[in-house]
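Number of protein chains: 2
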Amino acid sequence: MTAPRGFRAAGGICGIKKSGKPDLALIVADTPCRVAAVFTTNRIPSEPVQLGRRHAASGRCQAIVCNSGCANASTGKRGYDNAVKMCKRVAKHVGCDPRHVIACSTGVIGHQLPMDKVLPGIDTLSAQLGDGARADAAAARAIMTTDLVPKATFRQVKIGGKTVTLGGVCKGSGMIAPNMATMLAFITTDADITLPLLRAALRDAVNADASFNRISVDTDTSPSDTVLLMASGLSDAKPIRKRGPEYARFCDALNEVCRDLAYQIISDGEGVAHVIRVRVERAKTNPDALRIARTVADSPLVKTAVHGGDPNWGRLTAAAGRAGASIRAEKLVVRIGNVTVYRNGRPTNVDLARLERLMKQDEVTITLQLNLGAGSCEFLGCDLGREYITINADYHT
Amino acid sequence: MTAPRGFRAAGGICGIKKSGKPDLALIVADTPCRVAAVFTTNRIPSEPVQLGRRHAASGRCQAIVCNSGCANASTGKRGYDNAVKMCKRVAKHVGCDPRHVIACSTGVIGHQLPMDKVLPGIDTLSAQLGDGARADAAAARAIMTTDLVPKATFRQVKIGGKTVTLGGVCKGSGMIAPNMATMLAFITTDADITLPLLRAALRDAVNADASFNRISVDTDTSPSDTVLLMASGLSDAKPIRKRGPEYARFCDALNEVCRDLAYQIISDGEGVAHVIRVRVERAKTNPDALRIARTVADSPLVKTAVHGGDPNWGRLTAAAGRAGASIRAEKLVVRIGNVTVYRNGRPTNVDLARLERLMKQDEVTITLQLNLGAGSCEFLGCDLGREYITINADYHT
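Protein chains in written order, with this note's numbering: chain A, 1 to 397; chain B, 1 to 397.
If we strip away everything but chain A, and leave its shape as in the complex, we get:
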């Protein structure tokens, strides 16, 4: 995240979490950056998201502050004012406009932030900003809730012979996190790219196959989901001012960053033993393909079958059939791994033992070929096991 030119970061403990684990992160750019942002579609967004939407609308951002352990969601005016106070305190240290700071929070919903801990925490972290792997790791660690491992990635791409770097960190929503753990991702780049292109690139990257909007840990869309992309423009590479090969290369790298982070979220789902990769091919339309892929990946029947290594493929056709998308049984081909289980409107004579082995791999690939058009989608889900219940039912607020 500090690999692109012009960014520093820090992460540490301010005392929100009773566990005493890191709970506050700061990402600061040397100069004002262009920023693109994607927020939750939840209609009761958290108070930081409400404020963040306003601040991101300016297209300018110089710092991100993020706490874990408390989502500051459904907290009303007091919660909103607390998010404003976080931005102001960061701005004082950075020397920028408070509207060029975005505050994010993740953790339990409905509780107020302990500002007597958060504000001094910001003061402390501001003095600890640095770059390099250690700073990145500290920030990645401080935004974790139920994540087991910190999540980060970076990519480099040549633009006109010069290197552009992208870096990112994120936190996952667990397999159903006890406190509605939220999806947060912060991506930095030193590309010099116009604001409209930066926004288009992020919008596309978030919706790319197997990227953030194409994964499902559970079906609950958090009120805090946020993806931020800051561009410092400090690389030597030539500016990206229009769509073309340079922009395409930048987008490819950004897509890879998003897909990489998304995969880290899925595979670190609480109690998750298997990633389910659902590929829908030749659907009537892309929205139809997404609908089917999401329904199959979210189906509790499919998730438990994968958890148990049970080659019960009838659950796949059943989920696909209820997705609300165009589908015709007689044209449908269903594969688990490379084994076709359903074709021409009826089961194939499949080797169940071989199928069972495929169902027990770390990653189980399910392909549904609809043969109705050119729509396609790749979606990532995960299995559903006892550990999920342990984490979510036994935990008490």
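These are computed hints drawn from the structure, not numbers from a lab. Virtual Cβ for every residue (Gly too), placed ideally from N, Cα, C. Be aware that one or more of the hints could be misleading.
To be verified - Subject to a maximum C-alpha distance of 25 Å in a straight line, what follows is the list of computed DSS-like cross-link-like pairs (lysine-lysine): (1) B:Lys92 x B:Lys77; (2) B:Lys331 x A:Lys77; (3) B:Lys158 x B:Lys92; (4) A:Lys21 x A:Lys85; (5) B:Lys117 x B:Lys77; (6) B:Lys77 x A:Lys331.
To be verified - Beta-carbon label-pair distances, calculated as ranges: (7) B:Asp97 x A:Arg203: 58 to 64 Å; (8) A:Arg343 x B:Thr124: 34 to 40 Å; (9) B:Ala353 x A:Arg343: 53 to 59 Å; (10) A:Leu352 x B:Gly244: 56 to 62 Å; (11) B:Pro120 x A:Glu356: 30 to 36 Å; (12) B:Pro287 x A:Asn207: 42 to 48 Å; (13) B:Asp252 x A:Val149: 53 to 59 Å; (14) B:Met115 x A:Lys360: 29 to 35 Å; (15) B:Gly161 x A:Thr41: 54 to 60 Å; (16) A:Asp209 x B:Lys77: 56 to 62 Å.
Based on the hints, put chain B in the right spot on chain A.
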């Protein structure tokens, strides 16, 4: 089910289930009945559903045959032909048109029916038809898959001083049944009612508050779901030929039958310890109310919180906010039991210990008052526990 005049039933073992439990049921009317039917919305419906739709379209039905242990779904032409054969064999014994028989199947998807067992089973049961509680119980037992208890109910209503009787049996879909256990309900009445009114009454009853289309055991819509309502017209009560007070009374009784059966399905969900009753009030529209109620009841976060008795109400606002319906945080009131937890856009000062007690009751009532219009909905869900995983992940086809 045989309480209304003109119906007999039988249930027994034909040998589909390896467990040796009852797996074949027969319901026969003395005379051709009017029939109303509601089938699954799954776009890959089972072969018996495909045939049943055709047969029910005639509006006439004299017999229902139903096996458990094999859904005869995703089985192609051979499966369809097997359903036809079941109807023909029943028709031979009843002495009716095979198109006036409806065949239903429930159990594992993708396997062909063992017709060498089913057809002799029909012969045997045809000789055992009877009425009374014993016949009803035998039929109710024979359609069970993962249900723990047989499910039946009946109601009587006065129409112009004379008694009309309704009876019904159903089977539940478990908390996520290993073989996509399906929702089947067969309702009989001796009312003399026109076919259009019979169909309207069933359509409305299925969509009534807390009725079949307002419950969620899991989110998977089975390819076999079927509700059949047969009316023999053999009661002494005067015919129902138009909408009016008699029709309304009949509908009330039918709604009660459907709600009663639906409640039996929810409370017998696999491993279920708690029924979750979600009431949405003053939504902008009825569809909005349904969307919110269903999303809250289906939320894995809400289901695990109820399982663990955790008063984590932030999961309720989060689920309501992602339902895709109109909602405004500052107008929303959320109650668990009779305790208000959220109002005026912020948490109330709630007694968490009291809330925890409410969350541990057999039935947990959640009320979301939106204050945006006149839409409302009552929806039933259930908790999500370890037993659910045990039944569905450890089971192998």
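* Asked: Given the proposed pairing of B:Lys117 with B:Lys77, does the C-alpha separation stay at or below 25 Å?
  -> Cα-Cα ~19 Å, so holds.
* For B:Met115 and A:Lys360, compare the CB-CB distance with the range 29 to 35 Å and indicate the outcome. => holds (34 Å)
* Asked: Can the suggested window of 42 to 48 Å be confirmed for the beta-carbon pair B:Pro287 and A:Asn207?
  -> violated (27 Å)
* Verdict for B:Asp252, A:Val149 (Cβ pair) under range 53 to 59 Å -> holds (58 Å)
* Asked: Should the hint that B:Gly161 and A:Thr41 are 54 to 60 Å apart at their CB atoms be regarded as holding?
  -> Roughly 57 Å apart at Cβ, these two residues keep to the hinted range, so it holds.
* Asked: Does the Cβ pair A:Leu352, B:Gly244 satisfy 56 to 62 Å?
  -> holds (58 Å)
* Asked: Does A:Lys85 lie within 25 Å of A:Lys21 when you go C-alpha to C-alpha?
  -> Holds - the C-alpha atoms of A:Lys85 and A:Lys21 are around 23 Å apart, at most 25 Å.
* To do: For B:Ala353 and A:Arg343, compare the CB-CB distance with the range 53 to 59 Å and indicate the outcome.
  => holds (58 Å)
* **A:Arg343 versus B:Thr124 beta-carbon gap, inside 34 to 40 Å or not** => holds (37 Å)
* **25 Å Cα cutoff - pair B:Lys158, B:Lys92** => Not satisfied, since the Cα-Cα distance of roughly 36 Å exceeds 25 Å.
* Would the pair B:Lys77 and A:Lys331 pass a check requiring their Cα atoms to be no farther apart than 25 Å? -> Cα-Cα ~14 Å, so holds.
* 58 to 64 Å as the expected CB spacing between A:Arg203 and B:Asp97, which holds or is violated -> 59 Å Cβ-Cβ, so the 58 to 64 Å window holds.
Checked against the numbered hints given earlier, the structure breaks hints 3, 12, 16 and satisfies all the rest.
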